[in-house]
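Chemist: Following our numbering, the numbering of the sequence shown begins with 1328 at its first residue and continues without gaps.
Derived by calculation from the structure, the hints in this document are not laboratory data.
Owing to the predicted nature of the structure, the values given are computational and were not obtained by experimental measurement.
Incorrect hints may appear among the rest.
Beta-carbon label-pair distances, calculated as ranges [claimed, not checked]:
1) T2099 with G1497: 33 to 41 Å
2) P1464 with K1393: 57 to 65 Å
3) G1798 with K2007: 42 to 50 Å
The calculated lysine to aspartate or glutamate pairs, modelled on DMTMM-like cross-linking and capped at a C-alpha distance of 20 Å, are [to be verified]:
4) K1654 with D1815
5) K1929 with E1955
6) K1932 with D1815
7) K1684 with E2091
Glycine included, every Cβ here is placed at the ideal spot set by N, Cα and C.
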Amino acid sequence: MSDNARYIVIDRLAAGELVGDRSYQSTDFPNGLSLALLLTEKARNFPQNKKISFIDIKRGFFFLSKKSASDDILVIDLQEAPLFNKRSDSEALLLFQKVIRFAIKRWEKMSFTWAERVLPNSTKGILFPFTHSAQVPFRITFELAPDQRRREKRAKGEELLLYKCGNEEGGGASEEAGVTNFKKAIEALPEAYLLALTPEKPSSLSNGGTTSLGVTRLDSGQDFPQIGEASFEEWVPLLTSAQRDFINEDVTVPHRIEGPAGTGKTLSLVLKCIATLRRANERTDSHSSLFIAHSDATKRNIAGLFQPELDKGIISTDGVMAMQTVKITTLQAYCAEVLNTKIAESEFLDRDAFESKQTQLLYTLEALDDAIREYLPTNRTFMTPEFIHFIENEDRWVVAEMLQHEISVKIKGRADEDEAKYRKLPRLTYGLPVTNDGDKVFAFLAFKGYRKRLENAGQFDTDDIVLSALGQLNTPIWRRRRSREAFDSIYIDETHLFNVNELSVFHKLTRSETNFPIVYSADISQSLGDRGWDGETFDAAMGATNSEKHSRAATTLSSIFRCSPEIVSLAFSVTSSGATLFTNFQDPVAAASSAFTFEEEKKCKTPRYWLVGTDEQLLKKAFSLADELCTEIGCGKSDIAIVSFSDQLFSEAEKYAKSINKPFEVIKHRGDFDVVKIAKQRGRYILTTADYVGGLEFSAVVLIGVDRDRLPPRPSDIHGESLNFLSYASHQRLYVAITRARYRVEVMGLKTRGESSLLGAAIENKLINMITE
């Protein structure tokens, strides 16, 4: 800060308001940004607040209660501790929030975390604000009894002084804190309170202050509304500036909304669709929207978010009740409609996209075994020794999974099932290790065996349905009908889970052939394997051309509402430790921050990593922890999910729960919120696997089977290619599972196996506490 402000004073009541109001937790909110600009002296305005007065007098900034004077105060000496100098807005706000949280914990005699401590036999407090970055050594030092001789008799409350910050350790307990600015702050405090407590006398910023955004305050223990519980008007006050701008902007070009798990991408997408339809309603214009979900389970969740609007009759799903309509469906279901041919239920591999891909894996495994038996002996001469060694020695399921990936992304997605085209394509960086034409011929022969199995069973996979529909959309008939039957705007949730084939359909469904009003959400770290997704690839898939680059739009969300700061830090550690493996990996958590209030943070603790003796002990402890978490957090059983990283362990967990009469529901479809609703109604825990937990959120998760050889799985004869693929997939699964939790994460594995390598960085940086039983 400049010389204009030498110190900041915050009293206890004002501190409570600043940490309790969600709008001050992130620069994504106008209030948070205004506070950050004030701290960095880019502006001198502070939002109007009913409970806090901001007073700028005698070269000091005072944040004081309007209700009554407080004896507990915190003074930040900006000359001795230039805390906000050369800091970004978000960093300045983070530091300020960490500092006043430390003060509140001291005043309320609460326990500190490992990053907050009081030096033994001293009056010094230490705070390490950057708990998940390379800046861990940066520390902030407090004097807990400043100017002790002089203030011992005069001070009625507990006065704290922040007098030092930096990377040096300092003088320890014997270090003397400078109190010059502390004395000036104390001397000016009565005058500041006189201004703060006198409504008739506005503060010095009364003519230049900004009007605060009306943000709905969530009371202690209250979470964001659940699906279908809140209307559009009730959601809007809870949004960040980035979300609000995204929702209010007209849809004219491809627009991507991206960010890590828990930032509200799906909610923002739904609200944008509703806002677009509402504006059309106000103009009395007809407007037809298409909303694509990845699976049937997530489709039902999204339909629940639309329900309050449908109930009001502002929009409809059939075009009968209103001129503004929304069609909510999955891509597979919509493409089946486009074909104008009734596809029987038995002809789908599965209606659910995720389950369909699981069945594809089984067929791929069978085709792989046949190809090895029939074609490997005759083709061996033309193949590379490395590829031969890979398919002969690697675990069959691993090879099958990588072959399935190759078929979906390259053979079908980029080569149109044409062997000549496939040979010309470069190999995926972290995919099937096909190097020369001989390797690719063998992979293509295996693909033909897979396709033959689909034909024999009379079934179609998602790619078959999508590619067939794409053919129908390329006909003169559709081009003539397009302006009448296509959509005015399209919204796609979880775009990262679609392959190239699937994404190719969307720009054919817009009413215009030149403008593509398509809005889609993406979190690349949740996509499995090397699909090569990046901003340019998404834009191209949505119909944007090189000449349109200037008109494409993107919104990045950074405030994470679902997860606690401790969980954000752990997720950051997992994603960043895996990012070095992948050239196309974009880590969305690195620039993210938690938007938790202080009351919410009270429910949080540093994640724990339990290592026990046997799987039986692990399951017993997992259910015991679930009971403890319910009590500590004050939530229902349905708000605790026990997530397995091993199919065998998942099966054993079901048997164990039945044997001890534990009430539970099982999730076997990705994002199946209907099961969560049933569990909530019946007071039951949730059992699921890492593959199905995506798209859901809980107060806490217990992750079981997280240890060496199970995450990532380690076949008996490791090959470098499969190790990289498995590592990528494992990082993704662990990231998704961790970010399902709001307050607590408990991780469990076996002592005999040892800790998972995926958590090595988190253990080293003390982002997860090790407990051995």
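Chemist: If a hint holds in the structure, say so; if it doesn't, say that too.
Modeler: So, going through the hints one by one against the coordinates:
Restraint check, T2099 to G1497: a C-beta distance of roughly 34 Å satisfies the suggested window 33 to 41 Å. As the Cβ distance of P1464 to K1393 is approximately 39 Å, the hint placing it in 57 to 65 Å is violated. Taken as a hint, the range 42 to 50 Å holds for the pair G1798 and K2007, whose Cβ atoms sit roughly 44 Å apart. Restraint check for K1654 and D1815: satisfied, since their Cα atoms lie roughly 12 Å apart, inside the 20 Å limit.
Taken as a hint, the K1929 and E1955 pair is honoured in the structure, with Cα atoms around 16 Å apart against an allowance of 20 Å. Taken as a hint, the K1932 and D1815 pair is broken in the structure, with Cα atoms around 47 Å apart against an allowance of 20 Å. A C-alpha spacing of about 37 Å is found between K1684 and E2091, which places the hinted pair above 20 Å, so the restraint is violated.
When held up to the earlier numbered hints, the structure conflicts with 2, 6 and 7 and fits the remainder.
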